[in-house]
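Visitor: Here is what each chain is made of, one letter per residue.
2 protein chains.
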Amino acid sequence: MNKWLILIIDDEPQIRKLLQINLESNDYKVIQAATGNEGISLCASHTPDLVLLDIGLPDKSGQEVLIELREWYQNPIIMLSVLDGEKEIITALDHGATDYLTKPFRAGELLARIRSAIKRNITTVNTKSIICGDLEIDLVSRIIKKNNELLKLTSTEYNLLALFAKNEGKVLTHQYILREIWGIGYQTETQYLRVFVGTLRKKIESDYTNPFHIITESGVGYRFQ
Amino acid sequence: MNKWLILIIDDEPQIRKLLQINLESNDYKVIQAATGNEGISLCASHTPDLVLLDIGLPDKSGQEVLIELREWYQNPIIMLSVLDGEKEIITALDHGATDYLTKPFRAGELLARIRSAIKRNITTVNTKSIICGDLEIDLVSRIIKKNNELLKLTSTEYNLLALFAKNEGKVLTHQYILREIWGIGYQTETQYLRVFVGTLRKKIESDYTNPFHIITESGVGYRFQ
DNA sequence: AACTTTCTTTATAAAATCTTTATATCTCTT
DNA sequence: AAGAGATATAAAGATTTTATAAAGAAAGTT
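From first to last, the protein sequence lines stand for chains A and B. Residue numbering for the first sequence follows this note's numbering, starting at 705 and increasing by one per position. Residue numbering for the second sequence follows this note's numbering, starting at 705 and increasing by one per position.
These are calculated hints, taken from the structure and not from any lab test. There may be inaccurate statements among the hints.
You can't tell identical chains apart in this list, so a pair holds if it fits in one copy or across any two.
In silico lysine-lysine, DSS-like type, Cα no more than 30 Å apart, as pairs [stated by the list, open to error]:
{"hint": "1", "residue 1": "K721", "residue 2": "K849"}
{"hint": "2", "residue 1": "K907", "residue 2": "K874"}
{"hint": "3", "residue 1": "K721", "residue 2": "K856"}
{"hint": "4", "residue 1": "K707", "residue 2": "K850"}
{"hint": "5", "residue 1": "K850", "residue 2": "K874"}
{"hint": "6", "residue 1": "K874", "residue 2": "K707"}
{"hint": "7", "residue 1": "K764", "residue 2": "K907"}
{"hint": "8", "residue 1": "K733", "residue 2": "K874"}
{"hint": "9", "residue 1": "K870", "residue 2": "K707"}
{"hint": "10", "residue 1": "K721", "residue 2": "K850"}
{"hint": "11", "residue 1": "K721", "residue 2": "K907"}
{"hint": "12", "residue 1": "K874", "residue 2": "K856"}
{"hint": "13", "residue 1": "K721", "residue 2": "K707"}
{"hint": "14", "residue 1": "K733", "residue 2": "K850"}
{"hint": "15", "residue 1": "K733", "residue 2": "K907"}
On a predicted model such as this, the values are computed, not experimentally measured, just so you know.
From just these sequences and the hints, can you work out the full model?
Guide: Listed below in structure tokens is the structure:
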């Protein structure tokens with residue numbers, strides 16, 4: 705099997721060295737960048753399987769790098785931050801960070817997080833399109849088809865449907881959905897969800913008064929099938 | 705395979721002897737204690753796979769021993785009691801006893817209870833989905849299937865069934881169930897429980913007038929199998 | 001700036017679920 | 001076999017949760 709490729713973006717050479725030794729002795733291939741811009745171009749040229757990104761960088765903040773990367777880069781990005789960076793961590797997760805680690809970290813924890821992130825990535829993101837009965841969801845091009853006809857969804861509607869589709873058959877709680885789609889802090893806005901489930905149903909269900917795809921689990925959440 | 709280790713805590717030497725012979729001839733290893741305090745320290749030093757604990761002990765009551773053990777000891781504890789100890793049994797179950805046997809007991813029953821308690825202990829801890837005959841309970845996705853068909857349960861019904869399934873074979877007292885599902889303060893609302901056991905039976909039992917899964921233990925509670 | 005689209009709120013109707021009450025059935029003891 | 005206590009079932013009432021429409025706010029486009 706080919707080795708997984710990991711890109712480290714961090715300005716401190718000692719940390720880079722430490723990470724490199726740890727990762728290479730665990731059979732990962734490593735490339736490094738000391739600045740945000742360098743990191744972005746390395747990421748573009750090598751498309752690593754995972755990125756370790758420091759929040760505190762000299763040229764542009766880790767947050768900005770994260771946002772830029774997420775415009776086109778799908779693989780896991782784990783943020784590295786100093787302790788007490790609570791707020792930064794939350795914004796990072798909001799912007800699509802996969803996970804985070806606070807420095808100083810134990811090698812075991814780092815490796816565990818990396819393993820789990822990569823594993824999750826190959827099982828979920830790697831499926832490029834999902835087909836559920838008359839629905840076809842292309843996760844790369846963000847195109848939804850129903851009986852081969854193109855559906856026009858808004859961004860939020862699409863995100864919601866994609867989340868459902870990735871968790872087909874599983875009950876998703878209101879809280880979980882709200883956190884995933886709207887972000888932390890929206891977990892009580894259950895009414896948003898009701899409205900959007902309503903519009904989604906009108907678009908994807910053959911008979912929206914008697915929904916087949918999006919099932920209500922009263923008191924808990926919704927289930928997609 | 706290593707033999708299972710069983711600790712007997714009972715003040716009557718004849719009973720200890722009887723139990724020892726029975727258990728050892730069935731391939732269990734046995735250690736004994738004649739008093740509660742001795743039992744607790746033996747349990748701490750040997751961490752047996754199961755404890756047989758007499759309710760009537762000279763130094764401290766079996767109930768006290770049970771409570772002390774349950775602060776740190778996770779494995780099954782089967783209580784031994786004389787007949788007509790109904791109340792004591794219920795308090796014992798409330799305090800985390802796994803099962804009970806009334807003396808005098810048949811050897812076959814004793815062994816069956818021990819087998820089932822040990823089996824349950826090694827299988828149900830940390831399992832994500834539980835299969836009981838025609839029922840399949842997925843604790844992660846909150847999905848219940850009967851003969852592979854999806855069952856629609858309300859939130860409370862699901863919680864109740866999940867609680868039962870996690871304690872398969874074990875008698876759960878009304879109090880305990882009410883505390884777990886509805887919370888502290890609802891422990892006297894036995895009628896709630898009756899109504900919900902009724903609706904659950906209608907959904908999961910093949911013949912709900914003659915329930916197989918949810919067994920009534922009159923005066924005590926229910927047992928799921 | 002005017003217009004379109006999308007998102008957020010608010011209000012209300014409808015549905016589902018939970019609680020309570022009443023009554024029937026069962027079980028155990030005397 | 002009668003009576004007490006415990007359990008089961010049905011059904012009405014109360015409450016909570018969900019669905020839907022529609023108005024107001026925000027964002028994006030031309």
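Visitor: Next, verify each hint and record whether it holds.
Guide: Verification of the hints:
1. K721 <-> K849: neither (46 Å within a copy, 52 Å between copies)
2. K907 <-> K874: both (21 Å within a copy, 20 Å between copies)
3. K721 <-> K856: neither (49 Å within a copy, 55 Å between copies)
4. K707 <-> K850: neither (36 Å within a copy, 44 Å between copies)
5. K850 <-> K874: Answer is both; intra-copy 21 Å and inter-copy 17 Å each pass.
6. K874 <-> K707: within (23 Å within a copy, 40 Å between copies)
7. K764 <-> K907: So K764 and K907 fail the 30 Å test inside a copy (42 Å) and across (59 Å) alike.
8. K733 <-> K874: within (24 Å within a copy, 44 Å between copies)
9. K870 <-> K707: For K870 and K707, the Cα distance is within 30 Å only inside one copy (25 Å; across copies 41 Å).
10. K721 <-> K850: Neither: 46 Å inside a copy, 55 Å across copies.
11. K721 <-> K907: neither (47 Å within a copy, 60 Å between copies)
12. K874 <-> K856: both (25 Å within a copy, 13 Å between copies)
13. K721 <-> K707: within (19 Å within a copy, 50 Å between copies)
14. K733 <-> K850: Neither, since 39 Å and 48 Å both go past 30 Å.
15. K733 <-> K907: neither (43 Å within a copy, 54 Å between copies)
Hints 1, 3, 4, 7, 10, 11, 14 and 15 from the list above are not met by this structure, while the remaining hints are.
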